[in-house]
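Asker: Protein chains in written order, with this note's numbering: chain G, 1 to 135; chain Y, 1 to 674.
Careful, some of the hints might be misleading.
[Unchecked claim] Covered, in the sense of this in silico footprint (three residues per stretch, anywhere, with C-beta under 8 Å from a C-beta of chain Y), are these stretches of chain G:
hint, stretch
1, 14–25
2, 28–36
[Claimed, not checked] Anything over 12 Å on all C-beta distances counts as not near chain G; from chain Y, calculated:
hint, residue
3, P33
4, D62
5, A165
6, W243
7, D349
8, R363
9, A445
10, A456
11, E485
12, D509
13, G536
14, G553
15, T555
16, T577
17, V647
[As the list claims (entries may be wrong)] Computed spacing ranges between beta-carbons, pair by pair:
hint, chain 1, residue 1, chain 2, residue 2, range
18, Y, T397, G, G13, 25 to 35 Å
19, G, G49, Y, R408, 14 to 24 Å
20, Y, E403, G, G49, 11 to 21 Å
21, G, N88, Y, V411, 19 to 29 Å
22, Y, P412, G, L8, 18 to 28 Å
23, G, S79, Y, P412, 42 to 52 Å
24, G, N88, Y, A393, 32 to 42 Å
25, Y, E559, G, R43, 42 to 52 Å
26, G, L110, Y, G339, 47 to 57 Å
27, G, S79, Y, V411, 41 to 51 Å
What the hints contain is simulated information worked out from the structure, not anything from laboratory work. Using N, Cα and C, we set each Cβ at its ideal position, and we do this for glycine too.
The primary structure of each chain is shown beneath.
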Amino acid sequence: MGQRQFVLFGIAGVIALVVAITVAGLNDNLTYYLYPNEAVAQRAEFPDGERFRLAGQVVAGSLTEEGGEDLSFEVTDGSATIPVVLLNTPPLLFNEEVPVLLEGYWSRDLFTAESALIRHDENYEIPSQGNYEDG
Amino acid sequence: MLAVLGSAGMLAGLVGAALLVRRGIAAARSDRPANLEGAVRVLVAGAVVAMGAMVLALLTDDFSLVYTANHHAIATPFPFDVATAWAALEGSIVLWGLVLTGYTWLVFHLHRRSPDRLGAAALAVMGGVAIFFFGLMITVANPFEVCVQAADIGCLESSPWPFAAVEAPANGPGPNPLLQNHFMMAVHPPILYLGYVGMTVPFAYAIGALSLGVPGPEWLRRSHRATLVAWSFLTLGIVLGAWWAYEVLSWGGYWAWDPVENASLMPWLVATAFLHSGIVQQRRGMLQAWNFILVISTFSLTILGTFLTRSGTINSVHSFTQSAIGPALLGFLVLTLVGSFVLFSTRSDLMATSPRLESLVSREGTFLVNNLLLSVYAFIVLIGTTYPLILEAFTGTQVGVGEPFFNRLAVPVSFLLLLVIGFGPVTPWRTTEKGLIWRRTRTSAVAALGAGLLIAILVSRNGWVVLAVTLGTFVIATLLGLLWEQARKRSMRTGDSHSRSLQRVVTGDGAFWGGQLSHAGVVLVAIGIAFAGNLGEHAETDLSPGETTTFQGYTVTYESPFRKTTPGKTIVGARLTVTRGDDVVGIVEPSWNYFGAQSVVGTPDVLHRPGGDLYFTLRDLPDEQGAIPIAFDTSPMIWVLWLGGLVAVTGGVVAMAARRRERRPAVEAQTVDV
Numbered sequence: 001m002g003q004r005q006f007v008l009f010g011i012a013g014v015i016a017l018v019v020a021i022t023v024a025g026l027n028d029n030l031t032y033y034l035y036p037n038e039a040v041a042q043r044a045e046f047p048d049g050e051r052f053r054l055a056g057q058v059v060a061g062s063l064t065e066e067g068g069e070d071l072s073f074e075v076t077d078g079s080a081t082i083p084v085v086l087l088n089t090p091p092l093l094f095n096e097e098v099p100v101l102l103e104g105y106w107s108r109d110l111f112t113a114e115s116a117l118i119r120h121d122e123n124y125e126i127p128s129q130g131n132y133e134d135g
Numbered sequence: 001m002l003a004v005l006g007s008a009g010m011l012a013g014l015v016g017a018a019l020l021v022r023r024g025i026a027a028a029r030s031d032r033p034a035n036l037e038g039a040v041r042v043l044v045a046g047a048v049v050a051m052g053a054m055v056l057a058l059l060t061d062d063f064s065l066v067y068t069a070n071h072h073a074i075a076t077p078f079p080f081d082v083a084t085a086w087a088a089l090e091g092s093i094v095l096w097g098l099v100l101t102g103y104t105w106l107v108f109h110l111h112r113r114s115p116d117r118l119g120a121a122a123l124a125v126m127g128g129v130a131i132f133f134f135g136l137m138i139t140v141a142n143p144f145e146v147c148v149q150a151a152d153i154g155c156l157e158s159s160p161w162p163f164a165a166v167e168a169p170a171n172g173p174g175p176n177p178l179l180q181n182h183f184m185m186a187v188h189p190p191i192l193y194l195g196y197v198g199m200t201v202p203f204a205y206a207i208g209a210l211s212l213g214v215p216g217p218e219w220l221r222r223s224h225r226a227t228l229v230a231w232s233f234l235t236l237g238i239v240l241g242a243w244w245a246y247e248v249l250s251w252g253g254y255w256a257w258d259p260v261e262n263a264s265l266m267p268w269l270v271a272t273a274f275l276h277s278g279i280v281q282q283r284r285g286m287l288q289a290w291n292f293i294l295v296i297s298t299f300s301l302t303i304l305g306t307f308l309t310r311s312g313t314i315n316s317v318h319s320f321t322q323s324a325i326g327p328a329l330l331g332f333l334v335l336t337l338v339g340s341f342v343l344f345s346t347r348s349d350l351m352a353t354s355p356r357l358e359s360l361v362s363r364e365g366t367f368l369v370n371n372l373l374l375s376v377y378a379f380i381v382l383i384g385t386t387y388p389l390i391l392e393a394f395t396g397t398q399v400g401v402g403e404p405f406f407n408r409l410a411v412p413v414s415f416l417l418l419l420v421i422g423f424g425p426v427t428p429w430r431t432t433e434k435g436l437i438w439r440r441t442r443t444s445a446v447a448a449l450g451a452g453l454l455i456a457i458l459v460s461r462n463g464w465v466v467l468a469v470t471l472g473t474f475v476i477a478t479l480l481g482l483l484w485e486q487a488r489k490r491s492m493r494t495g496d497s498h499s500r501s502l503q504r505v506v507t508g509d510g511a512f513w514g515g516q517l518s519h520a521g522v523v524l525v526a527i528g529i530a531f532a533g534n535l536g537e538h539a540e541t542d543l544s545p546g547e548t549t550t551f552q553g554y555t556v557t558y559e560s561p562f563r564k565t566t567p568g569k570t571i572v573g574a575r576l577t578v579t580r581g582d583d584v585v586g587i588v589e590p591s592w593n594y595f596g597a598q599s600v601v602g603t604p605d606v607l608h609r610p611g612g613d614l615y616f617t618l619r620d621l622p623d624e625q626g627a628i629p630i631a632f633d634t635s636p637m638i639w640v641l642w643l644g645g646l647v648a649v650t651g652g653v654v655a656m657a658a659r660r661r662e663r664r665p666a667v668e669a670q671t672v673d674v
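Turn these sequences into a full structure, and let the hints steer you where they fit.
Answerer: Put into structure tokens, the structure is as follows:
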């Protein structure tokens, strides 16, 4: 085998290896985006602790602040509703009836969210409460 | 009125582009001197008028244009009103067209005195690309549609006919708040586009050379120089983008492997590969076919990037069909790829057979490894970016590829690249005499191990940090050693002083030393990333006015909440004093910025310190008593990252200037064989 072939085979080998590693790495690092009805339907594919993103709307009247810092609420897409506990500080403007994107995992019948994002498009009021210092 | 003017500009651009294609092809086919000036003038004038009309509409609050009505507000201050001209989809296409015609004008003038067939063919290709983008403007991304039914704020219904009966709203919603929160948003897009669109020039030369059947050295020299220009702008654009993200977005990071970021990184990686492999062809006549592939891929990746960022496909494949711009860009991408590679394959018999690679341990060997690594890098980013789209398109499943995927694969490749950067410049062409590389690197290897050990003892045992410092020291020490060795030899030969020899060595091969300066920049970027990414500290707490807390040796006192109103926005935030010992280090005001009633954006405040930045983010608004949840972060040595980016760009500029100097006489000599 000439050197040229040797180099070509070497390159082909490296490329094959890279493709294999890339594809393997990809499958380990996918985050699925699910709506509540999909999350319920695919419950078996996402065992407790398996991360995914849950997109839906915060159900009106479901928002409660438990004894500690964690927020509890329900998220719905109209056809299914899932109870959620949010571990971290909610984003500004987080409220009932707001569309949210949560990242977390199933814990039995509960979705434990580690982070929440608001998917927004609506209008906001500049807050008037509080003793602000002007200027 | 401005709608008519702008529409006329777009039409002129389209006509000029079509004329340029026709006359360019004719000129490329014949030996008669080309007469392309008229076509280029019409094209440039059209683009300038179109952009001018947009800017004028924004400056004069002309809400009869849908674009102004939906992306501008009377209160939008300068320079954000001007920057709005390219902040939204339609305007960004106009900017693309303007930059493209700017480059067309440049290419035309560079070869004006010695008109040649390759230049004419390249201009025809650029005209073809311009036809697409001006066509896009006129059809699916028309920035000069007029508003025929106004809403209270913004426009409800539009008409592409510039003479339609106009009903202009009294005001618009203003640009995307994120884009008017920092002056960088006025600067970053044009610079990025100068890089991105600049990649059209090397592509045009490549296609021109393939069409004419002259895959000799001339196209490569011109493409290489053009790539250097575009690469320098693209590098600057990426660095400024990262800096903007860091200063403006409240997450403390600068790079998130976001599709928009990846879209700029992929062409950068492939263009960087070409900057190296192009040298191999110039010096050794190797990699001729590979260079065509790299140049075509770079351009295709810029179109792919535009598709990814401008079609709305990133949010969901389902938004793809909401606008015709997505299918149009995808169609153009497919056309580019299929057309280029069909042309390439029909010309493969013209490719000269490469001389043998005499030894892998040679400069060309290290360039080969470098190209392999950069291609692998680009491939990883490409797969990670497009996989979610492909999966959703075929199965309907929505997924995201997480940052760990990119980090796990890209970080090792980056370190391998650093290693190659260290060895490449000291490895001679063809073959290496035994022991030479060892002689040239042993001192720097010792220095590198010493630096790594020192960092491990004094600063951190974090593996990535130690590795980055070790490899970085190795690269820079090796470069300095090489510079010193050459200067010393020259001094012995000529009797000049060391400093004069040093100067002469650098100016004697500015292209090479410019490249090495860029290497040093890349090293600094790697060190900055390693420190900021691995040694940062994070803390969160709640503070009431007057309360004090400590973070990383700093004392932070929460003075009070505040509220400010400036033209265009209302700022609600918290004022904190940061002290170290008895010294006041600074006052910070992290805040939430309200833009009209439409939107609110969190804005961090950063205290820049030589050892690293202190980063303050409000997690929520002050409550009734003024209490705030606040987050503190440190980004150690992050300024090294920004410095490295600027050094890399400077290296590109130095190499460009050197090439310009050395090329002048050569052009006359080598245009004969075209």
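Asker: For each hint, tell me whether it holds in the structure or not.
Answerer: For each hint, the structure was consulted:
no.: 1; hint: 14–25; verdict: holds (count 8)
no.: 2; hint: 28–36; verdict: holds (count 7)
no.: 3; hint: P33; verdict: 44 Å, holds
no.: 4; hint: D62; verdict: 25 Å, holds
no.: 5; hint: A165; verdict: 30 Å, holds
no.: 6; hint: W243; verdict: 23 Å, holds
no.: 7; hint: D349; verdict: 19 Å, holds
no.: 8; hint: R363; verdict: 15 Å, holds
no.: 9; hint: A445; verdict: 26 Å, holds
no.: 10; hint: A456; verdict: 29 Å, holds
no.: 11; hint: E485; verdict: 30 Å, holds
no.: 12; hint: D509; verdict: 28 Å, holds
no.: 13; hint: G536; verdict: 18 Å, holds
no.: 14; hint: G553; verdict: 25 Å, holds
no.: 15; hint: T555; verdict: 21 Å, holds
no.: 16; hint: T577; verdict: 14 Å, holds
no.: 17; hint: V647; verdict: 30 Å, holds
no.: 18; hint: Y:T397 / G:G13: 25 to 35 Å; verdict: 32 Å, holds
no.: 19; hint: G:G49 / Y:R408: 14 to 24 Å; verdict: 20 Å, holds
no.: 20; hint: Y:E403 / G:G49: 11 to 21 Å; verdict: 19 Å, holds
no.: 21; hint: G:N88 / Y:V411: 19 to 29 Å; verdict: 27 Å, holds
no.: 22; hint: Y:P412 / G:L8: 18 to 28 Å; verdict: 24 Å, holds
no.: 23; hint: G:S79 / Y:P412: 42 to 52 Å; verdict: 44 Å, holds
no.: 24; hint: G:N88 / Y:A393: 32 to 42 Å; verdict: 33 Å, holds
no.: 25; hint: Y:E559 / G:R43: 42 to 52 Å; verdict: 50 Å, holds
no.: 26; hint: G:L110 / Y:G339: 47 to 57 Å; verdict: 55 Å, holds
no.: 27; hint: G:S79 / Y:V411: 41 to 51 Å; verdict: 42 Å, holds
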